[in-house]
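Protein chains: 2
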Amino acid sequence: MLNNNLLEGPLYTDFYQLTMAQLYYEQQMHETPARFEHFFRSYPDYGEHQAGYCIQAGTNWFLNWLEGLEFSSESLEKLRRHKNSSGEKIFSDKFLNWLSSQNIADRLTVEAIPEGRVVHPTVPLTVVEGPLALAQLVETALLNQLNYQVLIATRAARVSQAGRGNLLLEFGLRRAHDRGGHAGARAALIGGADFSSNTGLSYRYNLPPKGTHAHSMIQAYIARGKTELEAFRDFASLYPDSCVLLVDTIDTLQSGLPNAIKVFDELKKQGHQPLGIRLDSGDLAHLAVRSARILNDAGHEDVNIVLSNQLDEQVLRQIIEQIEEEAPEYNLESENIIDRLVYGVGTRLITSAGDSSLSGVYKLVALEKEGSPQPVLKISENPGKIPTPGHKKIWRIYDERGRATADLIGQPGEEIQTDETVEICHPFRHHASRRLRGEEISEIELLHEPFLKSGERLRHFNLEEARQRRREDLARLDPGVKRIMNPHYYHVSLTRKMRQEKQELINSIGMSSKQEEGF
Amino acid sequence: MLNNNLLEGPLYTDFYQLTMAQLYYEQQMHETPARFEHFFRSYPDYGEHQAGYCIQAGTNWFLNWLEGLEFSSESLEKLRRHKNSSGEKIFSDKFLNWLSSQNIADRLTVEAIPEGRVVHPTVPLTVVEGPLALAQLVETALLNQLNYQVLIATRAARVSQAGRGNLLLEFGLRRAHDRGGHAGARAALIGGADFSSNTGLSYRYNLPPKGTHAHSMIQAYIARGKTELEAFRDFASLYPDSCVLLVDTIDTLQSGLPNAIKVFDELKKQGHQPLGIRLDSGDLAHLAVRSARILNDAGHEDVNIVLSNQLDEQVLRQIIEQIEEEAPEYNLESENIIDRLVYGVGTRLITSAGDSSLSGVYKLVALEKEGSPQPVLKISENPGKIPTPGHKKIWRIYDERGRATADLIGQPGEEIQTDETVEICHPFRHHASRRLRGEEISEIELLHEPFLKSGERLRHFNLEEARQRRREDLARLDPGVKRIMNPHYYHVSLTRKMRQEKQELINSIGMSSKQEEGF
Numbered sequence: 119m120l121n122n123n124l125l126e127g128p129l130y131t132d133f134y135q136l137t138m139a140q141l142y143y144e145q146q147m148h149e150t151p152a153r154f155e156h157f158f159r160s161y162p163d164y165g166e167h168q169a170g171y172c173i174q175a176g177t178n179w180f181l182n183w184l185e186g187l188e189f190s191s192e193s194l195e196k197l198r199r200h201k202n203s204s205g206e207k208i209f210s211d212k213f214l215n216w217l218s219s220q221n222i223a224d225r226l227t228v229e230a231i232p233e234g235r236v237v238h239p240t241v242p243l244t245v246v247e248g249p250l251a252l253a254q255l256v257e258t259a260l261l262n263q264l265n266y267q268v269l270i271a272t273r274a275a276r277v278s279q280a281g282r283g284n285l286l287l288e289f290g291l292r293r294a295h296d297r298g299g300h301a302g303a304r305a306a307l308i309g310g311a312d313f314s315s316n317t318g319l320s321y322r323y324n325l326p327p328k329g330t331h332a333h334s335m336i337q338a339y340i341a342r343g344k345t346e347l348e349a350f351r352d353f354a355s356l357y358p359d360s361c362v363l364l365v366d367t368i369d370t371l372q373s374g375l376p377n378a379i380k381v382f383d384e385l386k387k388q389g390h391q392p393l394g395i396r397l398d399s400g401d402l403a404h405l406a407v408r409s410a411r412i413l414n415d416a417g418h419e420d421v422n423i424v425l426s427n428q429l430d431e432q433v434l435r436q437i438i439e440q441i442e443e444e445a446p447e448y449n450l451e452s453e454n455i456i457d458r459l460v461y462g463v464g465t466r467l468i469t470s471a472g473d474s475s476l477s478g479v480y481k482l483v484a485l486e487k488e489g490s491p492q493p494v495l496k497i498s499e500n501p502g503k504i505p506t507p508g509h510k511k512i513w514r515i516y517d518e519r520g521r522a523t524a525d526l527i528g529q530p531g532e533e534i535q536t537d538e539t540v541e542i543c544h545p546f547r548h549h550a551s552r553r554l555r556g557e558e559i560s561e562i563e564l565l566h567e568p569f570l571k572s573g574e575r576l577r578h579f580n581l582e583e584a585r586q587r588r589r590e591d592l593a594r595l596d597p598g599v600k601r602i603m604n605p606h607y608y609h610v611s612l613t614r615k616m617r618q619e620k621q622e623l624i625n626s627i628g629m630s631s632k633q634e635e636g637f
Numbered sequence: 119m120l121n122n123n124l125l126e127g128p129l130y131t132d133f134y135q136l137t138m139a140q141l142y143y144e145q146q147m148h149e150t151p152a153r154f155e156h157f158f159r160s161y162p163d164y165g166e167h168q169a170g171y172c173i174q175a176g177t178n179w180f181l182n183w184l185e186g187l188e189f190s191s192e193s194l195e196k197l198r199r200h201k202n203s204s205g206e207k208i209f210s211d212k213f214l215n216w217l218s219s220q221n222i223a224d225r226l227t228v229e230a231i232p233e234g235r236v237v238h239p240t241v242p243l244t245v246v247e248g249p250l251a252l253a254q255l256v257e258t259a260l261l262n263q264l265n266y267q268v269l270i271a272t273r274a275a276r277v278s279q280a281g282r283g284n285l286l287l288e289f290g291l292r293r294a295h296d297r298g299g300h301a302g303a304r305a306a307l308i309g310g311a312d313f314s315s316n317t318g319l320s321y322r323y324n325l326p327p328k329g330t331h332a333h334s335m336i337q338a339y340i341a342r343g344k345t346e347l348e349a350f351r352d353f354a355s356l357y358p359d360s361c362v363l364l365v366d367t368i369d370t371l372q373s374g375l376p377n378a379i380k381v382f383d384e385l386k387k388q389g390h391q392p393l394g395i396r397l398d399s400g401d402l403a404h405l406a407v408r409s410a411r412i413l414n415d416a417g418h419e420d421v422n423i424v425l426s427n428q429l430d431e432q433v434l435r436q437i438i439e440q441i442e443e444e445a446p447e448y449n450l451e452s453e454n455i456i457d458r459l460v461y462g463v464g465t466r467l468i469t470s471a472g473d474s475s476l477s478g479v480y481k482l483v484a485l486e487k488e489g490s491p492q493p494v495l496k497i498s499e500n501p502g503k504i505p506t507p508g509h510k511k512i513w514r515i516y517d518e519r520g521r522a523t524a525d526l527i528g529q530p531g532e533e534i535q536t537d538e539t540v541e542i543c544h545p546f547r548h549h550a551s552r553r554l555r556g557e558e559i560s561e562i563e564l565l566h567e568p569f570l571k572s573g574e575r576l577r578h579f580n581l582e583e584a585r586q587r588r589r590e591d592l593a594r595l596d597p598g599v600k601r602i603m604n605p606h607y608y609h610v611s612l613t614r615k616m617r618q619e620k621q622e623l624i625n626s627i628g629m630s631s632k633q634e635e636g637f
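Respectively, the protein sequence lines represent chains R and U. Heads up: the first sequence begins at 119 in the numbering used here, then just goes up one per residue. Heads up: the second sequence begins at 119 in the numbering used here, then just goes up one per residue.
Incorrect hints may appear among the rest.
[Unchecked claim] Which chain R residues stay away from chain U? Per the calculated CB distances, all over 10 Å, these:
1) Glu126
2) Glu384
3) Ile534
4) His548
5) Gly556
6) Asn625
[Said to hold, decoys possible] Listed below are the simulated EDC-like cross-link pairs for lysine to aspartate or glutamate, each with C-alpha atoms no more than 20 Å apart in a straight line:
7) U:Lys344 with R:Asp398
8) U:Lys496 with R:Asp369
9) R:Lys496 with U:Asp401
10) U:Lys487 with R:Glu348
11) U:Lys503 with R:Asp369
12) R:Lys571 with R:Glu185
13) R:Lys503 with U:Asp398
14) R:Lys496 with U:Asp398
15) U:Lys496 with R:Glu348
16) U:Lys201 with R:Asp312
17) U:Lys344 with R:Glu488
18) U:Lys496 with R:Asp398
19) U:Lys212 with R:Asp352
20) U:Lys344 with R:Glu144
21) R:Lys344 with U:Glu144
Bear in mind the hints are in silico, worked out from the structure with no lab data behind them. Please read all numbers here as calculations on a predicted model, not as lab measurements. Just so it is clear, CB atoms sit at the ideal spot from N, CA and C, and this is done for glycine as well.
Can you make the complete structure from the sequences, with help from the hints?
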């Protein structure tokens, strides 16, 4: 992109962050220590189905952006020249000098739940602390990067789950939202995709990019007076050990599959193992069964069947169900077919079709006053929308089966123990609480880790570690919470102390009890 | 982003483009002149409502990408080192040397329908001609960039239309799909948004970015022991000529609005014109009516009312409808309220909520054989999905009222005249055709313009010109086609000659007549 420094630097922001920063500067509030938290309000809801958990993702790219943050001379010039309707400069030189002299990454502290972990609504995923004007300034780019990656990592986990953990390929770049496709592929690789067709992005993570070939390859051969068989043969001869043939350009069962089998036979004679066929149109479940029958009869029982075309978690569930029903009619074990399926998932994953955004927000929760941090409350008529104010500690509690049973938000000074009873309170309903006895608790862990302090990156990202965290967290999540449709509710609770402080703060601001109790 | 050259260069692609390019190279087909066309199959369908037209966008960014395309040493190294499962290199040095020696932009010709124009399904929006391997290679980045911008420009046009052309601000960066938010803001500015909060992107187009302030500003003041009124006053004093106050942090009618009026009174005394209030929660229509009443009573009849919070075309229609119903109860003319509304539209515009992708494809339609271009057919069981093969000419025909009545696809040598009868045929149904008599035709125009030839950019992008094209095209579009829900069908037709050639090609490939007639 031309003028990339305008789009990628500190002007990668909503304008009001800059006008507010100047107000804070003018009012001498700009250096006041502040705490902001990123969290989402509710799980993605795709209409016919909805998520019962999310997967954390995006932290490292946000930190990369933050680390490289500086005002280019062009950016500063644009701000300097910006005039209001009366022809007066919007930004004072004094303010711009201060702003551009700040090494923003050095002045902010970031802690977060590591990428790949299972996360839930209202729990702070990322916490930014630092001078009010600077911590506010990074809001837009933070939300832009983190909301989307959490959204896609979550969707990938669901698709992988619906596909029973079979090989999952991310194929969405052509329908992704412009360059967002790169972040989307990254998030998909964290959340559940094994590989991606996005070449640059895959190489960046030292993964081999994946793909087969397009219909246009067959068409090009035909237009030049050659045949589908010749196209397959040339392709196989060039890529004998990674040969997946797209069989639906002319007619899957009449042309593509017989031709593919001829080529697979030839490959085998030359000592190569054919990798697979790809089905990209028609009734994928039915064609998978028919193809498996034909491939088996030809002695190609090991050949994978790659499915693509508008797949998502619901489509995969239905395909598997149909294969289970149809397989016996062709004298096949359904598992023989299902186990060799590979999913190429594009549009519906990378754009999170059905719910194309995460309801993630970045809220000011504490601000220093006379040397001590004051909790800040965001009032709402809907008590579920009032964030928990102030500094906090987040624990995840595992039950006696080793399953995560609740995330608990407490005050910084609080401690909880596995051998003691822990009271967990509903975030806003009075008197609603639950007691977990010591013997019901197998483990308690703190969810937040430090990521950035005084300009120093404290953790380095490793894709395989993030995936391992995702696999472990999903294994410890209740199957009811993981359900693809109508998942069971996961508890995010407050300690009694935190619940009381929140209530006192609400009372002090003078909200009517009607508003508190409503909902 | 780190390693940007992997993500932004020629590896901004699906992997199979590279393996296919190598096949073409090995088979000496890589230099064969080819023609690819970008078109979409159907209008976005948002579920409860659907588009009856789209707006072309994205061409210039695609061309910028193409112009800067070169293999970095890192990109080449990644390709060189890529090995298959047997440890052998996937790409030969010979192929990589050829590939990296190509100045891709110099070798491709691009023609397109200019950005901002109204466009319809199956009509080629962008045409790329050049050597098969190179024209194929750019597919993914082209689709990634063009599909998304058309999607968002279209949505912005609809939102603007539903908002009766009032000032429309694009506020979506925080919920956009990572860096895709920049392309989305650009497309929104082409399609219907007047301004954007995206600061870098706005400056790039020499537009002032827009915004108000956040709830957090009021909260920060309160946490420091100050009041909403003081926050408003300080903000107004810093930005007296562009002062829009967000009035719903505490309580819109009890606190925000009375405080805003005090500050507006002060501004007026100082000779400034207060700009507006912003409503971001609650029943926006009701609060707009109540606010207008209170503002008018205080003598602030010129103050705008900015609405934000999950707006889209359906929500805007309902808000306007409700204002029309409620205004008289407060002794107001509804127009007095509606005319001063400004819309801040975020998430649902920039992610195209409801239909988050455009069904845009890039198809090989012609390939040279023995020195002359051969039309290439992509077969499908669904005749509506068979693209029109070969080189072509696209006209738009305007009826006697000056309204666009059909887009017509003909062969390169064909000519049509405004004073002669023009026959327009259904793209695949035999015998379905319509005759437009000379007196029914007021104008015929060719839609395609040349954009790139031999490395030379033939048109330069100007945002205001693109917006002007959009306004003119929408003014010439039938109101029925523009309808927000259940729009009337716009005709995309073939000349009889084109229809015949397509049918002959289908017959020659031997599709059964059952398939042709099906659907």
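Legend entry - Structure-inconsistent hints, enumerated in ascending order: Per hint list: 1, 7 violated.
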